[in-house]
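If you want the building blocks of each chain, they are given just below.
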Amino acid sequence: MLRLKGFDFMNLFGISGELFLALAGMIALLTSVFINKDNSLKITTKICNVAFIITLVLIFISHSIPGSLFNEMYVHDALSRYTKSLILIGTILTLIISSKPQKIDGFNRPEYPVLILFSVIGMLLMASSTNLISLYMALELQSLPLYVIAAINRDNLKSSEAGLKYFILGALSSGLLLFGMSLVYGAVGDTSFSSISLISSQGMTSLLLIGLVFMLSGLAFKISLVPFHMWTPDVYEGAPTPVTAFFAIVPKIAAMTVMVRFTFSAFDTALSSWQQVVIILAILSMILGSFAAIMQTNLKRLMAYSSIAHMGYALVGVASGVKEGISGLLVYMFIYIIMNIGTFIIILSMRRDNQSVEEINDLKGISKTHPFIAFSFIILMFSMAGIPPLAGFFGKWLVFYAAVNSGLLFVAVIGVLTSVVGAFYYLRIIKIMYFDENEVKLDVIDNKSSMFILGSMIILILLFGLFLNWFIEITMGISLLI
Amino acid sequence: MLNNLPILSFLTFLPLFGAFVILLTCSDDAQGAKNSKMVALWTSLITFILSLVVLFNFDKNLNSFQFVEKVQWVPFSNISYHMGVDGISLPFVVLSTFLIPICLLSSINSITKEVPIFMSLFLILEVLMVGTFCAMDILVFYIFFEAVLIPMFLIIGIWGGSRRVYSAFKFFLYTLLGSVLMLVAIFYLYAKTGTTEIAYITNYNFPFSVQFWLFLAFFASFSVKLPMWPVHTWLPDAHVEAPTAGSVILAGVLLKMGGYGFLRFSIPMFPDASIFFAPYIFGLSIIAIIYTSLVALVQSDMKKMIAYSSVAHMGFVTIGAFSFTQEGLSGAVYQMVSHGLISGALFLCVGIIYDRLHTREISAYGGVTDVMPRFAVFFMFMMLASVGLPGTSGFVAELLVLVGIWKSNPIVAIFTATGLILGAIYMLWLYRRVMFGKAIKEEILKLEKLSFREISLFVPITFMVLLLGIYAMPLLDISNNSITNIFEITEFHKNQNLESQIAKVKGF
Numbered sequence: 003m004l005r006l007k008g009f010d011f012m013n014l015f016g017i018s019g020e021l022f023l024a025l026a027g028m029i030a031l032l033t034s035v036f037i038n039k040d041n042s043l044k045i046t047t048k049i050c051n052v053a054f055i056i057t058l059v060l061i062f063i064s065h066s067i068p069g070s071l072f073n074e075m076y077v078h079d080a081l082s083r084y085t086k087s088l089i090l091i092g093t094i095l096t097l098i099i100s101s102k103p104q105k106i107d108g109f110n111r112p113e114y115p116v117l118i119l120f121s122v123i124g125m126l127l128m129a130s131s132t133n134l135i136s137l138y139m140a141l142e143l144q145s146l147p148l149y150v151i152a153a154i155n156r157d158n159l160k161s162s163e164a165g166l167k168y169f170i171l172g173a174l175s176s177g178l179l180l181f182g183m184s185l186v187y188g189a190v191g192d193t194s195f196s197s198i199s200l201i202s203s204q205g206m207t208s209l210l211l212i213g214l215v216f217m218l219s220g221l222a223f224k225i226s227l228v229p230f231h232m233w234t235p236d237v238y239e240g241a242p243t244p245v246t247a248f249f250a251i252v253p254k255i256a257a258m259t260v261m262v263r264f265t266f267s268a269f270d271t272a273l274s275s276w277q278q279v280v281i282i283l284a285i286l287s288m289i290l291g292s293f294a295a296i297m298q299t300n301l302k303r304l305m306a307y308s309s310i311a312h313m314g315y316a317l318v319g320v321a322s323g324v325k326e327g328i329s330g331l332l333v334y335m336f337i338y339i340i341m342n343i344g345t346f347i348i349i350l351s352m353r354r355d356n357q358s359v360e361e362i363n364d365l366k367g368i369s370k371t372h373p374f375i376a377f378s379f380i381i382l383m384f385s386m387a388g389i390p391p392l393a394g395f396f397g398k399w400l401v402f403y404a405a406v407n408s409g410l411l412f413v414a415v416i417g418v419l420t421s422v423v424g425a426f427y428y429l430r431i432i433k434i435m436y437f438d439e440n441e442v443k444l445d446v447i448d449n450k451s452s453m454f455i456l457g458s459m460i461i462l463i464l465l466f467g468l469f470l471n472w473f474i475e476i477t478m479g480i481s482l483l484i
Numbered sequence: 009m010l011n012n013l014p015i016l017s018f019l020t021f022l023p024l025f026g027a028f029v030i031l032l033t034c035s036d037d038a039q040g041a042k043n044s045k046m047v048a049l050w051t052s053l054i055t056f057i058l059s060l061v062v063l064f065n066f067d068k069n070l071n072s073f074q075f076v077e078k079v080q081w082v083p084f085s086n087i088s089y090h091m092g093v094d095g096i097s098l099p100f101v102v103l104s105t106f107l108i109p110i111c112l113l114s115s116i117n118s119i120t121k122e123v124p125i126f127m128s129l130f131l132i133l134e135v136l137m138v139g140t141f142c143a144m145d146i147l148v149f150y151i152f153f154e155a156v157l158i159p160m161f162l163i164i165g166i167w168g169g170s171r172r173v174y175s176a177f178k179f180f181l182y183t184l185l186g187s188v189l190m191l192v193a194i195f196y197l198y199a200k201t202g203t204t205e206i207a208y209i210t211n212y213n214f215p216f217s218v219q220f221w222l223f224l225a226f227f228a229s230f231s232v233k234l235p236m237w238p239v240h241t242w243l244p245d246a247h248v249e250a251p252t253a254g255s256v257i258l259a260g261v262l263l264k265m266g267g268y269g270f271l272r273f274s275i276p277m278f279p280d281a282s283i284f285f286a287p288y289i290f291g292l293s294i295i296a297i298i299y300t301s302l303v304a305l306v307q308s309d310m311k312k313m314i315a316y317s318s319v320a321h322m323g324f325v326t327i328g329a330f331s332f333t334q335e336g337l338s339g340a341v342y343q344m345v346s347h348g349l350i351s352g353a354l355f356l357c358v359g360i361i362y363d364r365l366h367t368r369e370i371s372a373y374g375g376v377t378d379v380m381p382r383f384a385v386f387f388m389f390m391m392l393a394s395v396g397l398p399g400t401s402g403f404v405a406e407l408l409v410l411v412g413i414w415k416s417n418p419i420v421a422i423f424t425a426t427g428l429i430l431g432a433i434y435m436l437w438l439y440r441r442v443m444f445g446k447a448i449k450e451e452i453l454k455l456e457k458l459s460f461r462e463i464s465l466f467v468p469i470t471f472m473v474l475l476l477g478i479y480a481m482p483l484l485d486i487s488n489n490s491i492t493n494i495f496e497i498t499e500f501h502k503n504q505n506l507e508s509q510i511a512k513v514k515g516f
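From first to last, the protein sequence lines are chains A and B. Using this note's numbering, read the first sequence as starting at 3 and increasing by one per residue. Using this note's numbering, read the second sequence as starting at 9 and increasing by one per residue.
These are calculated hints, taken from the structure and not from any lab test. This structure is a prediction, so every number in the text was calculated from the model and none was measured. Please note: incorrect hints may appear among the correct ones.
What the hints assert, rightly or not - When the alpha-carbon atoms are kept at most 27 Å apart in a straight line, the in silico BS3-like pairs for lysine-lysine are as follows:
(1) Lys370(A) x Lys121(B)
(2) Lys366(A) x Lys121(B)
(3) Lys366(A) x Lys178(B)
Unchecked claim - Far from chain B, by Cβ distances over 10 Å, these chain A residues were calculated:
(4) Glu74
(5) Arg83
(6) Glu163
(7) Ser267
(8) Leu429
Every residue, glycine too, gets a C-beta built ideally from N, C-alpha and C.
Using the sequences plus the hints, can you model the full thing?
And the structure:
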């Protein structure tokens with residue numbers, strides 16, 4: 003019998019969260035076959051949500067033992083625990099906020115939450131993988147269900163187009179990533195991050211360098227950084243809004259974690275090799291995300307460009323190449339989630355004549371008819387624009403401070419200037435809601451749980467400054483351990 | 009006893025409490041509007057009384073920050089919530105709390121839609137203004153300073169005139185663009201010194217090459233806020249479109265944040281760069297004084313004219329501050345306080361006739377004196393104060409600035425003085441066209457006289473302008489110690505520069 007080095011059953015306990023989730027996914031699939039079709043989406047959503055909550059607990063229990071599992075394929079550390087919590091919480095919230103709109107639209111596909119669940123398993127594994135093999139496997143597990151759910155509204159032309167586009171470009175990016183990995187493997191002779199780190203510390207060969215750039219490009223596709231962002235606006239616009247909400251929030255966290263692990267753990271000594279690439283990615287994303295959003299009239303497309311810009315800001319944390327930058331990035335991701343959840347709650351609930359609408363101009367006059375939603379949107383937009391004392395400001399503060407601290411003044415200057423450009427389109431939404439005369443009546447889905455979540459997000463955004471120290475302490479602790 | 013209470017935090021955040029009460033309890037109907045007005049007025053009055061408590065307990069002989077509060081905010085990064093007032097900030101704190109009740113009172117009848125939101129936004133604005141002037145931590149300062157944009161943007165955008173959207177956007181983006189550059193500079197200061205304490209950073213000596221860029225970054229923010237020529241163009245637009253109360257607070261306090269920034273940050277933190285840049289700033293200020301005065305002369309819109317006159321008057325502030333003389337620096341503070349009162353009152357005057365006739369075109373008026381004699385008295389007094397008539401605060405301020413600049417650079421002083429003449433020309437001409445002549449137009453004859461409420465807006469401002477014009481000591485005494493500190497810093501660096509130049513000449 004083949005005996006693996008150092009294998010024992012504790013390894014299985016270590017990935018109990020992911021294992022449990024896979025089991026729950028199968029149960030949910032089976033259940034959906036046997037129950038009444040009208041209720042199946044509701045039931046599977048419930049099963050998945052419960053499974054996510056249990057997984058969250060399991061992850062905290064299993065991560066009590068830090069260290070590597072499965073021959074350094076998989077690692078338990080503070081970073082993985084933090085990002086896994088964010089992934090799970092983000093997923094739970096997006097499932098909750100999209101349940102009522104789905105019901106009203108007659109959207110009834112029980113596979114939807116299950117596909118999300120399988121994708122989440124991939125993301126959890128991504129957050130923990132410290133080996134090229136496990137990384138690639140996790141990444142593909144994450145991507146494949148996402149291609150399907152982008153096209154889940156298969157009778158809709160736009161949704162099918164979004165799915166196809168996402169699939170083709172995603173496959174291309176996976177190809178780039180795999181090609182890069184094979185080059186790195188060729189140069190190192192091993193696939194674990196620690197070996198890569200060891201070899202790269204002895205000097206970057208051109209083979210290793212090309213592999214590194216290919217891998218960064220593949221990852222940039224997943225985070226939708228410029229110039230690998232082309233799929234984002236189309237997929238965001240074409241996919242059903244609940245799916246867009248999920249795309250905008252959760253996969254980015256996982257991919258950012260990989261980016262951090264990859265740069266700070268595998269190529270930790272080759273800072274000078276990847277830093278320029280990451281700086282260019284960040285600067286281009288900030289600039290394009292801010293300028294391209296100005297002309298958008300569709301809210302979902304606008305959010306796509308906004309997310310490109312935000313990922314650019316967050317990436318400044320990585321580009322800084324210092325621990326403070328990682329801390330800033332992690333706080334930024336948290337803030338990004340709360341702002342996007344809030345915004346998508348509003349986009350999801352916009353209706354007219356029982357049809358969901360997504361043009362910015364549809365928001366006209368909402369300040370009169372739905373003051374709470376309009377007020378929340380104001381807070382969200384000012385926060386996204388990075389105006390103090392709202393949460394978005396603190397995220398920008400931390401990443402730009404890291405950039406200044408590591409001597410990248412020009413990145414910080416470009417960043418803050420693009421944030422002024424970005425402020426323009428966020429303000430435009432406020433203008434349409436409050437300054438323009440009331441023309442059209444907009445209905446809003448009356449959904450108590452969504453409004454409760456929206457309210458909590460707003461309070462969190464308003465009072466984020468009070469928790470700032472707590473967040474910095476936690477994330478600095480994480481980044482020092484990488 | 010008073011020093012143990014967190015009185016400054018109380019003063020700062022009391023209006024926030026009022027804003028919450030309004031937002032949570034007042035509905036958007038007539039009763040809600042009425043309630044929200046009462047809550048807002050009372051909150052702002054109590055805040056004003058609290059600020060008077062601070063004012064009278066302020067020890068002007070102590071050369072330090074007073075009523076200091078310090079609470080660790082982000083201990084990990086060594087950032088604390090640190091508040092305190094000194095001789096420079098205290099006048100502005102009191103000016104803010106003094107003007108807010110007047111603004112609220114002035115908008116009781118003129119604001120008709122979304123009254124509770126308007127009232128709460130004004131209270132939030134008060135929180136942010138007082139916080140800006142009290143902050144002793146540079147990041148806390150920045151947060152208050154920039155957060156001001158949110159309520160002001162909404163005030164202009166929701167309750168403004170026909171071109172409100174354009175003006176609100178211009179105001180927001182202009183000021184934001186300036187401030188974010190300052191933010192990067194603040195990060196740099198923090199990265200270099202490891203602290204965000206203003207007092208500590210002030211004592212930190214940066215080499216000139218660093219000061220050069222830091223000064224420019226701070227200048228980008230404060231020159232837009234003040235505003236200086238040529239980045240003043242947002243101001244006339246914002247003033248014209250803003251509701252009366254918005255214009256009053258914009259001219260009265262928000263512009264002063266720029267001048268305060270120069271005195272608190274730019275000059276003491278980067279003295280070498282300040283000395284280096286002083287001639288350029290004189291140049292810009294002289295252009296501001298002469299050019300914007302001439303522009304004011306040809307305006308047909310009253311609000312726009314007063315807005316341009318604000319730019320000119322702010323030119324006096326920068327000239328006084330960068331003269332680096334004790335008189336000039338005190339004059340800068342004095343000019344800011346005095347201009348805050350006078351221009352606020354002038355915008356009130358315009359607002360009062362605008363409420364009646366709904367136009368700001370100068371040509372639509374004429375002969376108002378016959379119909380509104382009391383109004384004519386107040387308007388004339390404020391107009392003369394703006395010109396700098398002896399006996400009003402405007403005279404003291406401009407005299408101090410001129411004496412200060414004469415000491416350091418007489419040529420600049422001559423150009424600056426022309427501003428006084430030009431100011432007299434456009435203000436008197438405005439007054440003649442609006443108030444004098446025969447009231448022949450029908451609308452003018454129908455104008456209502458000043459109501460008791462409107463008179464009560466002017467009385468406190470008139471009193472203050474007269475008081476500061478006749479007896480200047482209270483304000484000068486308060487700011488004296490802090491002004492001396494700045495003066496000594498610049499004097500020290502001037503001498504150092506001189507010595508190093510002498511050393512170079514001698515060939516060391």
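Hint-by-hint comparison with the structure:
Proposed proximity of Lys370(A) and Lys121(B) is supported: the alpha carbons are some 11 Å apart, at most 27 Å. About 17 Å separates the Cα atoms of Lys366(A) and Lys121(B), which keeps this hinted pair within 27 Å; it holds. A distance of roughly 21 Å separates the Cα atoms of Lys366(A) and Lys178(B); the hinted pair therefore holds under the 27 Å criterion. No Cβ of chain B comes within 10 Å of the Cβ of Glu74(A); the nearest lies about 32 Å off, and the non-interface call holds.
Separation of Arg83(A) from chain B is adequate, the least Cβ-Cβ distance of about 20 Å exceeding the 10 Å criterion. Every beta carbon of chain B lies more than 10 Å from that of Glu163(A), the smallest distance being close to 35 Å; the non-interface claim holds. With 10 Å as the threshold on Cβ separation, the claim that Ser267(A) sits away from chain B holds: the shortest Cβ distance comes to roughly 23 Å. Non-interface status of Leu429(A) relative to chain B is broken: a Cβ of that chain comes within 10 Å, the nearest being about 6 Å off.
Hint compliance for this structure: hint 8 is the single one not met.
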